[in-house]
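*Asks:* Each chain, letter by letter, is given below.
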Amino acid sequence: MNAIVKASRRDFLKGSAALGGGLIVGFYLPPSGIAADLKPVAANAWVRISPDNQVTLVCHRNEMGQDVYTSLALLVAEELNVDVNKVAIEQAPVDPVYINSLLGAQITGGSTSIRDAWVKLREAGATARVLLTSAAAQRWSVPPAECVAANGYVSHAGGRRASYGELAGAAAQLPAPQNVALKKPAEFTLIGKQRHRLDSAVKARGQAQYGLDVSMPGMVYASLEQCPVPGGKVAAVDGARAKALPGVLAVVDIGEGVAVVADHYWTAKTAREALVITWDYGPGSTLDTVQIRATLREGAHRDGAIVRQAGDAAAALKSAARTVSAEYHSQLLAHATLEPMNCLALVSERGCDIWTSTQFPQGAQGVAAARSGAPAAQTRIWPQFIGGGFGRRLDVDFIGQAAAIAAAVPGKPVKLIWTREDDTRHDFYRPASFHTLAGGLDAQGKLVAFDYKMVSSSITNRMFPGVVKNDLDPFMTEGSANLAYEVPNAMQRVVIQEYGLRSGYWRSVSHALNAFAIESFFDELAHAAGRDAIAFRLELLGKLPRQQAVLERAAAESGWGKPLPAGTALGVAMMESYETHQALVARVSKSGKRLRLERLVYVVDPGVAVHPDQIVAQIQSGAVTGLINTLRSKITVRDGRIEQSNFDDFPLLRITQMPRIDVIVMQGGDKPGGIGEVGVPLTAPAVANAVFALTGKRVRSLPLADAGVEFV
Amino acid sequence: MTTLTINGKTLEVHAAPDTPLLWVLRDHLGMSGTKFGCGAGLCGACTVHLEGTPVRSCRIPLAAAQGARITTIEGIAADRVGAAVQAAWDRIDVPQCGYCQSGQVMAATALLARNPKPTDADIDAALVGNICRCGTYARIRAAIHGAAKSLEA
Ligand code: FES
Ligand code: FES
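Residue numbers (my numbering), protein chains in the order written: chain Y, 2 to 713; chain C, 20 to 172.
Derived by calculation from the structure, the hints in this document are not laboratory data.
Okay, the calculated bits of chain Y under chain C, using three or more residues with CB under 8 Å as the criterion: (1) 203 to 211; (2) 258 to 267; (3) 333 to 347; (4) 382 to 388; (5) 418 to 426; (6) 648 to 654.
Note that beta-carbon positions come from the ideal geometry of N, C-alpha and C, so glycine has one too.
Using the sequences provided together with the hints, build the complete structure.
*Replies:* Structure below.
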């Protein structure tokens, strides 16, 4: 994604200098405290130090489990020389200084938080440390070089000592230093060494505040009946019966649905059933899953755009000693965050205030302003802990809905809460995809030609159309554009083919789609060549020693090539994603008519590990998301309606299905790669390859259960 | 008017008798630690204890909760086992997004109260109804074993 706006270095440094009596609100923003003064926190940087020596990180990324709170605090604390466990976290408002340089907007996504912050936040910490040291030196009339900043205090050899908090006011008056020196990795005391999350305790006690938990005096509730066909609209509504029910305050037609506003959530939800709505279903009302698959297959006849090209793949395929070809398919999926979509909105003479769990505060501000009628400058977003994002909360539909409903009852804070059924049926779905692949082997079984086409819906065309140029959506080519294998003749294409259902970014986006097709197919190629699946891959990785290293390590850790117990088999997959190299070996066994997933061995090399234990946690988490994609979950469509509704028909992985997952972290680089989505894409190909090794059955379509491959 | 006994306190609630206990706790009593995930007894995010037994509060109408002893995540630290479970959760860094964890802690506490030394199979059986979308299951198991150990002393 191209940068829409770039945070300038000047703004950044100015912001870093804004120390002094900052507002300290601990782990969350209690709205009751804010209600007295709705002015947003006027911070445009990351570090606040209060007179009582409390250091606060104004966290510009949203915490959804991926550990930005602690990992980003580590970057600041490392350079500021403070105890990270004592750093308070405050969630940042919308401000250009917080724009993610890798994505061009204030977004938490794309496994970019640490990569974007790696230099920025260490500089923020170092700048603050230099300013505090200078302030102390001035106060004591000694050279700054004789002062040491450590553990929240500046001290001088002569025995003088002052806390950061005592110095913060004076430090804020000093000009920001240029080119502060950062620590060398060997000097790190926190990065790579910390082992605790700052938000574990509040979450274990039920005290973390999610969007759903925000409460305000006089708050009312909304439940929204949306058109059962996504994209359809209200034609007419008779809300008289609902309106007459006790506790109901208003019935509001917002176009895509009708909301009942009531004194309590349960009143609103039950009254919603009394609405009589006539829908204009729009063009989507005949859509079904079979048609979606046929449309994608049809799309494969188009050329699309070239993603990567080498040599002459067509000629090399013709002259190859042996060719293999295959078609792959991935299903639609819902995000199914455990916290359903919800948003608290207040429209008043002060503008529009929004309390919600979002990955995209900047987008939230835009949609809330547009749908409430408030000026953007008077639209404030108060991001909360996120009860699961996975990309769903990059979309801001529910925030716009809450703003539109709140505009109809001005002065009243309205909390819109979706039911689980709403959440499943009104998602932006992980796109279905269709892939064609062909490979050519020479007489020695070496891969000499690779032809690949991926056909799917473009999420980016819907959300950030300016980013798609010449039919090339960079979020559709992940895992293809950066294919690790060096093949002398390659033609890799991508075709944008819409099929009539809205699609959304789903943790790891097209990495999962491309990896399932490519990594399964490379297994087919190895098999056709009569080669070991790891040896076959290794010889194509000439220029990527880190990729070779993770693959070799995964082989060693998983017992690859060693004798296995009867009825057991291994499958491998590997890729580079988000600047992190990884390999995965899955082990499956027979369990009666079903199969059992026994173990996943991940080896990941993110270059530098900032918070190693949370890398392990994120890879395990990614594995579970990946298994949802792999085993049995799917969204299907009939007459334009989503057929699934809750966790009975859209199952998520339960504790009984959790395999043993081992995660080995290597550090072969000099800066951190992304982690939050890395665990997702390889489960499907690794497990499918193990299934093939065990049963001889090659499954080329997800979920595996659709092909009769059932796991216990 | 319904009388409830929650975390040792007696409270009066004005709500329709069919209102699920979950929404009584969250909206009428302002106790937001108990979470809403599915509303259908399928995810366990809303788990509370009714007379010490873990139940899905989204499926318990207010009328059915009258008179019973209710414990929620807000009150579980007062229980020796609950406090040990929460300490283990913090020590082992179980939570990711954290949204399911109130329910997980309540389910784990109920398990340890009746089975002080659960096996992995016991844990699986007791927590199969509690979905963690973030996939913290390995640490949930580890933390339950950890809490069991800390309670032995
Ligand atoms: S909300 Fe009660 S079980 Fe899911
Ligand atoms: S920690 Fe996110 S759902 Fe369990």
